[in-house]
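As given, the protein sequences belong to chains A and B, one line each in that order. No gaps in the numbering here: position 56 of the first sequence is 120 in our numbering, and each next residue is one more. No gaps in the numbering here: position 152 of the second sequence is 659 in our numbering, and each next residue is one more.
For the record, the hints were derived by calculation from the structure and aren't laboratory data. Treat the hints with caution; some may be incorrect.
[As the list claims (entries may be wrong)] Stretches of chain B that chain A covers, calculated by requiring three or more beta carbons in the stretch to come under 8 Å of a beta carbon on chain A:
1) 574–582
2) 617–626
3) 670–681
4) 694–700
5) 763–775
6) 796–804
Here the structure is a predicted model, which means the values were calculated and not measured. Using N, Cα and C, we set each Cβ at its ideal position, and we do this for glycine too.
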Amino acid sequence: MAIGTAAARGTLRVRLPRRVSENLLAYGFMAAGIACFALFSWYPLVRGVLLSFQQVNFVTAPSWVGLANFRALVGDPMFWTAWRNTLYFTGLALLLGYAVPFAVAVLLNELRHLKGFFRVAVYLPVMLPPIVTVLLWQYFYDPGNGLFNTILRGVHLPTSQWTQSSSTAMLSLVLVSTWANMGSATLIYLAGLQSIPSELYEAAEVEGASVWQRLRHVTIPHSRFVLLVMLLVQVVATMQVFIEPFQLTGTTNPDTVTIMVLIYRYAFTVNHDFGLAAATSVLLFVVLGAFSAIYLRLTRGRD
Amino acid sequence: MTVTAQHPPAAPVEGVEGQRRRRRRPRTLAAGAAGTRTLVSAADLRRRRSRALYFAVLAVVTVLFLLVFFFPLYWMATGALKSPTELALPAPTLIPRTLHPETYAKAWNELQIARFFLNTAFYALGGWLVQLAVDVGVAYALSKLRPVLGWLVLGMMLASLMLPPAALLVPAYLTVTNVPLVHVNLLNTPWALWLPAAANAFNIYLLKRFFDQIPTDLIDAARLDGAGPLRVLWSIVLPLSRPILAVVSIFAVVGVWKDFLWPLLVLQDPRAQTLSVALSRLSSTGRVPANEMLAGMFIASLPMIAIFLVFQRSIINGLSAGGLKG
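The following block holds chain A by itself, in its conformation from the complex (with noise of 0.2 Å):
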């Protein structure tokens, strides 16, 4: 048997030397990663900047328009305010999605029962699929007999008209927002809390620091790198956010049109203008894009 495969080996080396066919394999086994990334990926990210500069309507060929997609993207008033509520919105979940899972997790971390317990609950929400927690929202956010107002009735507070009212919309999708996606945060920083050298803490309460100072001079900046990797990876992620105001205000509403939203109203709605909305994801991605190579020389530089 063994006689018979090295006499076909040989064989084959005859045919083709065997550096070549070696590769040859290997990129066997690549083809179809390699074609599903050109495919949807390579292709696609050049295609989308072709696309900014020309005007599509699937009748005739694509005809290039220069910046004319860009100019009219300066010259709506939507864009700006889509912006401007992208920033809002993302300015809002780092004021509550950055700092309550830094200081749940530090919590978490002092608490020696139920370790477990507060791992799965906080981490539940992420599990869902965000359009059962957005509906679910909705119905606690109805202003008639919502649970949110019904509770804060019985307790004799204000009710608030939550995302039907312009000055409440932005801050109720970002609770939203938060309440799901605050359980993988918590995790990774209280990962990163776990690696605390411990002789740190010893060394601090041998010399008689308080909670406070340890918390100061140890926890935080031992913490420094997640904290920063984290707040690139939340403004990429909330930067995008599309499915809280799809569902909540809908596509239309100005208090709360972002840059995702846009993006789908231009090619998906009624213009259905591909060139429009590929010039907006273009400048989305110059901005994002900065973060996201900080975010990766930063985690890679590590390994």
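With chain A's structure known, arrange chain B on it following the hints.
What follows is chain B alone, placed relative to chain A:
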């Protein structure tokens, strides 16, 4: 491709050992003093007053967590059991007065949740198989066969991690409507979900890192015995990689199940829709009674809750065990 903003791209998973470690609950508050990694030390907690404070905080946090994270789920599951009139009461009831479990059956049959559930299960299963087949192939070739220009392929794939899904939404959609070279329209076919999902650099990165740890000696020995590359992959590499295959599999299934924006765009035929997209469409008609809607939502959540409860250790450790350790 998961077009919904994925929060946050989970940290790379460390080796096998990290996942096996089990932290045992200390018997007393003072136990485990050697491994103090917290602000409040065991010594602090030995004092009676601080111990009382500790248990007070523990109780408050427990109640708060139950209210914030479990109560919405309870409300969803029990809301579906209430009658529509009870659900519309201005003062909601905590425990349903009359039970209507038939609402679940109604949602399953009349809202056709059954069809969308099976659709989604099929997409998730297929997406899992395609992702594993494609990404394991790439990772194995890059890690063990090491072809010419492999570094370039890996680099270009990893570069795609920098692309926000939002930036590719429109051109990727156009690609699906008319795939270049072969000119096929994938809209309303499962491939419109499966193929973009397979272009997952994060999976490849995780798999390759794991394969890299498998000793070359083991593979050389098998090659000497006459095993071809496919045999080596099947009989040596894959059995040794079960932990990472589990993580990638969970991410794949959960990813397909939770995705919203991409299936909304590429599966417009109502009969082909996923559960998430169908729920959104049903709610926007405004004609579905709230209790049936809640039943549908709970049914959509059940598989994810089940996966979480069964694989919580892999999921939580997969998320928190690696990469970001400072």
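Against the structure, the hints:
For the segment 574–582 of chain B, the assignment as covered by chain A holds, since 6 residues bring a beta-carbon within under 8 Å of that chain's beta-carbons and 3 suffice. With a cut-off of 8 Å between beta carbons, the segment 617–626 of chain B has 0 residues touching chain A; three or more are needed, and the interface restraint is violated. With a threshold of 8 Å between beta carbons, the proposed coverage of the segment 670–681 of chain B by chain A holds, since 12 of its residues qualify and at least three are required. A count of 0 residues in the segment 694–700 of chain B with a Cβ less than 8 Å from any Cβ of chain A is obtained; the coverage claim is therefore unmet, three being the minimum.
Here the segment 763–775 of chain B counts 5 residues with a CB under 8 Å from a CB of chain A, which clears the bar of 3, and the coverage holds. With 4 residues bearing a CB less than 8 Å from a CB of chain A, the segment 796–804 of chain B meets the requirement of three and the coverage assertion stands.
Violated hints, listed in ascending order, are 2, 4; each of the other numbered hints is respected by the structure.
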